[in-house]
Amino acid sequence: MKLSFSAEDEAFRAEISGWMADHLTGPFARLKNRGGPGDEHAFFEERRAWERHMGKAGWIGVGWPTSAGGRGAPLSHQVIFYEEYARAGGPGRVGHIGEGLAGPTIVAFGSEDQKRRFLPGILSGDDLWCQGYSEPNAGSDLANVRTRARLVGDRWVIDGQKVWTSLAHVSDWCFVIARTEDGSSGHRGLSYLLVPMNQKGITVRPIQQMTGTSEFNEVFFDGAETAAENIVGKPGEGWKVAMGTLAFERGASTLGQQMAFRNQLDEIIAIAKANGRAKDPVMRQRLAEAWIGLQIMRANALRMLSQAGNPELPREAYVSKLYWATWHRDLGKLAMDVLGPEADVFPGEPGTYELTALQQLFLFTRSDTIYAGTNEIQRNIIAERALGMPREARA
Amino acid sequence: MNFAFTEDQLLIQDAARGWLGEFAGPAHARKVMATKEGYDPALWQQAVALGWTGLIVPETQGGLGLGFVELAILMEEMGRALYPSPFEATVALAANALTALGAERYLEAIAAGDITATLAAGNAIGEVTATPVDGGYRLDGLLRHVPDGARADLVLVAATLDGRTALFAIEGEVAGLTRTGLATMDQTRRPAELRFEGVALPAAALIAADAGRALALALDRAAVALAAHAVGAAEKCLEMTVDYTKGRVQFGRPVASFQAVKHQCADMALAVETSRSAAYWAACVADDCGHNGDGTALALAASGAKSWAGRAYFDCAATAIQLHGGVGFTWEYDVHLYFKNARALEAVLGDGAHHRERVAHLIGLDDLAEAAQ
Ligand SMILES: Cc1cc2nc3c(=O)[nH]c(=O)nc-3n(C[C@H](O)[C@H](O)[C@H](O)COP(=O)(O)OP(=O)(O)OC[C@H]3O[C@@H](n4cnc5c(N)ncnc54)[C@H](O)[C@@H]3O)c2cc1C
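Going down the list, the protein sequences come from chains A and B. The first sequence begins at 1 in full-length UniProt numbering and counts up by one. The second sequence begins at 1 in full-length UniProt numbering and counts up by one.
Just so you know, not all the hints are guaranteed correct.
Unchecked claim - Some chain B residues near chain A, calculated using beta-carbon distances under 10 Å:
#: 1; residue: V69
#: 2; residue: V272
#: 3; residue: R358
#: 4; residue: L362
If you're looking for bench data, these hints aren't it; they were derived computationally from the structure. Just so it is clear, CB atoms sit at the ideal spot from N, CA and C, and this is done for glycine as well.
Build out the structure end to end from the sequences listed, making use of the hints.
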């Protein structure tokens, strides 16, 4: 067990930090620290160009296997990549759903044809993806999906509705869980389809969030189509593949997220020092606690990732989502408490709604404990799967 | 960078869990905690034979020459078993301090199991001063909460000498030193009060005239070891609770099937796993730091791990009592042993508030001038 990095690791660190210093400049300079959660709308087109720029330099899919076109970087390099990216103020990645979820799913479960067809577009930063899981009646109870797909000739024809679909309004592709067996229920009879977003059978309607902005959408499928071969796994295997995708949410990219958290905490500490709150004993305890909690988050992630070869999911992996989501939500509140009455104020005229970064943090983190499995669902999973306690009664 | 146990570390863990589970579980604790001694010397010699007392002692002095990750592994398992023994005081405190000082004396005897030992430095409450006298030193003062202070063969005591922190060795009983064991709620630990009234020591008793830095390092490493103890003990609380609630039927179903119960267990699991990550992070930092490194990273990690795991252990033990219902409140069930130990442990080597305040300082919350720029 060792947490320190080798000289070879440090050489890689120099490479990525040097690249960031050289390239996050000129037209990209203003993207620094922009586009994170709650700020997705900021400089979207410019960030799309940045994604392509990263793709050209081979910085997308750092942890993907080389056979899939990635760098096949060892864990230590992935850690360093994500840490240095965030340290340099790298902007929120518009391609993170493709790189972090769709791509790894296709690598793990897709056919060779699908890998050739879909992975290059993710690695170049050209194709953006969204996740079509949730529906009005399928939230925590994801297996209650009603969206239907029928095979008509060489096309799947899709009818139904998704909701809360992040970035659907800017995405090229969506991975959709749809019911492909008539009369089936629960997690049987579902399939995992890759669906192009730019077609007349699909209508995307943005939903305004409590931040005032619109990162997620309703997506209506009305005779939407995709080619018969755009199914990952066999018909009826959609649940298995979908669960595989969720597992990738625990990948190395969580380390990048943590570096972004680190930047936020540093900003809050700087404010506390500037406005004198850093002298308040209670505030000092809370700031120290947040700092400790973040170090533990990193250690927990490294422990989980160091076990990635094990067939059984380790307990630290089961608790990681509940942990980071709750920590981050508390950080949002801490930011407001450090700011005091000023926390409520943003620059501009009354009647406008342009939040500061910390206000976005405070509001957006209310969703951290909801998406990707609510805290309550996470606790159910920990109790039932990690601790082996009896399962919930299901209707 | 690989934050997983090596094969050797897994072997140490397996062996420790096996031996402690068989011979030194809570039933053993109940037996020895009712005695004045507080531990079983015969069983202790078996632990010595396993090499545990030499774990962090250099090989040149008869030890295994292993590091703080291995120490954390043993402490975690001893916490799980709640094994009352001289290990914490002898190894995690005394041997740890002696290695930090690069001392020549005593380590061999500790490794061989010939002596037990303890350290009375910043971990004890009170103060001792040393005055140079003809051919030696005189020690005066009072220390409370010295672990194993009444029963250890060797007492390493920190005393202020010419404005610096010096470390002295006291073997056995000496005139002017009164060692009084304290009766405690948590009977698995044996703190003592040490009263120094004109204790005359020969010059040779001085181990180091300027031991401050080394002792600070040693106390941080000891805090990491205690965090690891907390991890094992907290996990045991979780296991007892899951087992009990799965077997206990009310309203026609196991109480473990109630979500209010499951969610509390999930929170315990979160507390245990994050504490484990914290303890082993800090143990790795301790290994990286060595005996001469800059101690700041270790201070942060140790304070982080101790405050976090200490609270986690208390929360888990408290939840364990709650979820056991009435039997959790009985002397017969083991939960209270852990609950009392958790309370005591939280305060040893600085409580959570103390360590968080230390972190607050170290991360720069007092550097207000810099902020103003
Ligand atoms: C910002 C944001 C982005 C999102 N992006 C996407 C996306 O890109 N793609 C996508 O498919 N989805 C997305 N989602 C949807 C998200 O996955 C769901 O909101 C989430 O799964 C919860 O479902 P729900 O909203 O229907 O809440 P519900 O399931 O209705 O839950 C309501 C409350 O009941 C609790 N509850 C439900 N079941 C149980 C139970 N068994 N035990 C205890 N408590 C329970 C929940 O914890 C919650 O507190 C996003 C959501 C948000 C907020």
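Return the numbers of the hints above that this structure violates; sort them in rising order.
Result: no hint breaks.
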